[in-house]
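A.B. asks: As given, the protein sequences belong to chains A and B, one line each in that order. In terms of the numbering used here, the first sequence is residues -19 to 272. In terms of the numbering used here, the second sequence is residues 229 to 433.
Hints in this document: simulated from the structure, not taken from any laboratory. There may be inaccurate statements among the hints.
Claimed, not checked - Result set (DSS-like, lysine-lysine): computed pairs, CA atoms no more than 27 Å apart in a straight line:
| # | chain 1 | residue 1 | chain 2 | residue 2 |
| --- | --- | --- | --- | --- |
| 1 | B | Lys307 | A | Lys37 |
| 2 | B | Lys314 | A | Lys76 |
| 3 | A | Lys72 | B | Lys314 |
| 4 | A | Lys15 | A | Lys225 |
| 5 | A | Lys37 | A | Lys77 |
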Amino acid sequence: MSNLQVSLVELIRRTSAEIPEDVHKAILHSLEQEKKGSLASNAMAIIDQNIALARRKSQPLCQDTGSILFYVHTPVGYDQIQFADTAREAVKEATKKGFLRQNSVDSLTGRNDGTNVGIGAPAFHFHQHRGSELEARLVLKGGGCENVGAQYSLPNEDLHANRDLDGCRKVILDAVLQAQGKGCGPGILGVCIGGDRATGYELSKTQFLRRLEDRNPVPELDALEQDILMTSNELGIGPMGFGGKTTLLGVKIMAANRVPASFFVSISYMCWAYRRQGVRLNATGEISDWLY
Amino acid sequence: MQPGKSVTGFTKISMIELTFPFNENQIRALKVGDEVSINGVVFTGRDAVHKYLHEGGQLPTGVSLRDGIIYHCGPVMLKQADNTWKCTAAGPTTSIREEPYQWQIIRDFGLRGVIGKGGMGERTQVACREYGCVYLHAVGGAAQVLAERVRQVRNVHFLEKFGAPEAIWELEIVQFPAVVTIDAHGKSLHEEILARSRAALAERV
Chain A
-19 MSNLQVSLVE LIRRTSAEIP EDVHKAILHS LEQEKKGSLA SNAMAIIDQN IALARRKSQP
41 LCQDTGSILF YVHTPVGYDQ IQFADTAREA VKEATKKGFL RQNSVDSLTG RNDGTNVGIG
101 APAFHFHQHR GSELEARLVL KGGGCENVGA QYSLPNEDLH ANRDLDGCRK VILDAVLQAQ
161 GKGCGPGILG VCIGGDRATG YELSKTQFLR RLEDRNPVPE LDALEQDILM TSNELGIGPM
221 GFGGKTTLLG VKIMAANRVP ASFFVSISYM CWAYRRQGVR LNATGEISDW LY
Chain B
229 MQPGKSVTGF TKISMIELTF PFNENQIRAL KVGDEVSING VVFTGRDAVH KYLHEGGQLP
289 TGVSLRDGII YHCGPVMLKQ ADNTWKCTAA GPTTSIREEP YQWQIIRDFG LRGVIGKGGM
349 GERTQVACRE YGCVYLHAVG GAAQVLAERV RQVRNVHFLE KFGAPEAIWE LEIVQFPAVV
409 TIDAHGKSLH EEILARSRAA LAERV
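Taking the hints into account, I'd like the entire structure generated from these sequences.
C.D. replies: Next comes the structure, spelled out in structure tokens:
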């Protein structure tokens, strides 16, 4: 096995089994907030115990090891084809080892060949940069939270949402209401205002690469993030939809250009089992740094 | 029905012990918000199994859901050297996808409990009241805590047909924690929280 493949198997293992530090911190904060002995507090306690157990046993935090999304920044001229081939082998290997569930199904035949490799699976997002380093980030996104994602086209008459920031606020909060606990809350929102139907969703997911505690450099978006977070946590949906103070752990929003005729707001929901990790790789494919 | 013994982890004094086979009176006595600790044999079944049964498919020999529980779960299973299975991750999957089918499976197969996450809709709620069944909400994503409560993987059915996550796994569980969120009195925690949160949102937009 090449160094790169070994590194990518380790990236997958750690992403699947270990919650990132920033997310764990938010979960512990939520556990403190919830009333002791409530259903919400008991659910958060089980979640915290699960985090410790998964790490100790090197086993998946959640059995739905999700869609496998690679975000790779490469130096100019790097061989992306070889990276993708190696990553596919790493995915197969990680599946054999139980870091990933046999989780990829042929949509026409319903067949699951047990490898997690097929058309569009895993997914790769390659970007070249001027630097000399290779950075590979991985998000494993479960189906339960993916299913509660939503895309709105503004204006939306039912929600009285116009083509402005208040309209965006209304539809984002509607998505939180519709999701209830179904996406394994407390959740984290990744939102893209603008783009087209495909890029809107795609960019909304890049927001999950941000650290939970960071602040948006765009003042209007920062205000909207804080507002959505605070308002959502006043709705009383709570962990698992059991009721309680923590409906969301974080909100991350970006804006992308759109064509004049379209105004999409695309919302991706990430469950508490927020699996995101990243590595910086040296020239021989070994891990030099962890990014989160 | 006895209060649960206080043991390791999250089995608490206030938990109600449920042990297979479950009887109708015991199930009908449960109320929304009760925390339960489940013991005995349960069968997993999710999208493919529900659709199959809804379309008139027969349960494989050796599988009975009568007075039993179906668990909406697609576990991670590893085959051991001696050909037995080890359950390494086993949290609940989203239940609402089974809403078109669940009422019928409760009615026709005599289910007393459905374990899942995210809640279910009105048809399931009505079937729970009508036939004496409850919906038991496990903590979504808690795959390791819940896998630890699987004492033994007794058998697997439809592994070839549906693939590992969608197969019917026969699990012996011990002190498996869940919350009653739809009871047999026609009450649903999900309905209550949705109504309350909708009203709270209306004041804030």
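A.B. asks: Indicate, hint by hint, whether the structure satisfies it.
C.D. replies: Here's how the hints hold up against the structure:
Taking the CA atoms of Lys307/B and Lys37/A, the gap is about 17 Å. The hint holds against a cut of 27 Å. Distance check on the hinted pair: Lys314/B and Lys76/A sit about 14 Å apart at the alpha-carbon level, within 27 Å; holds. Under the criterion of a C-alpha separation no larger than 27 Å, the hint pairing Lys72/A with Lys314/B is consistent with the structure, at around 19 Å. For the proposed pair Lys15/A and Lys225/A, the alpha carbon gap of about 9 Å is at most 27 Å, so the pair holds.
With a CA separation close to 13 Å, the supplied pair Lys37/A and Lys77/A stays within the 27 Å bound.
Going through the hint list in order, the structure satisfies each hint without exception.
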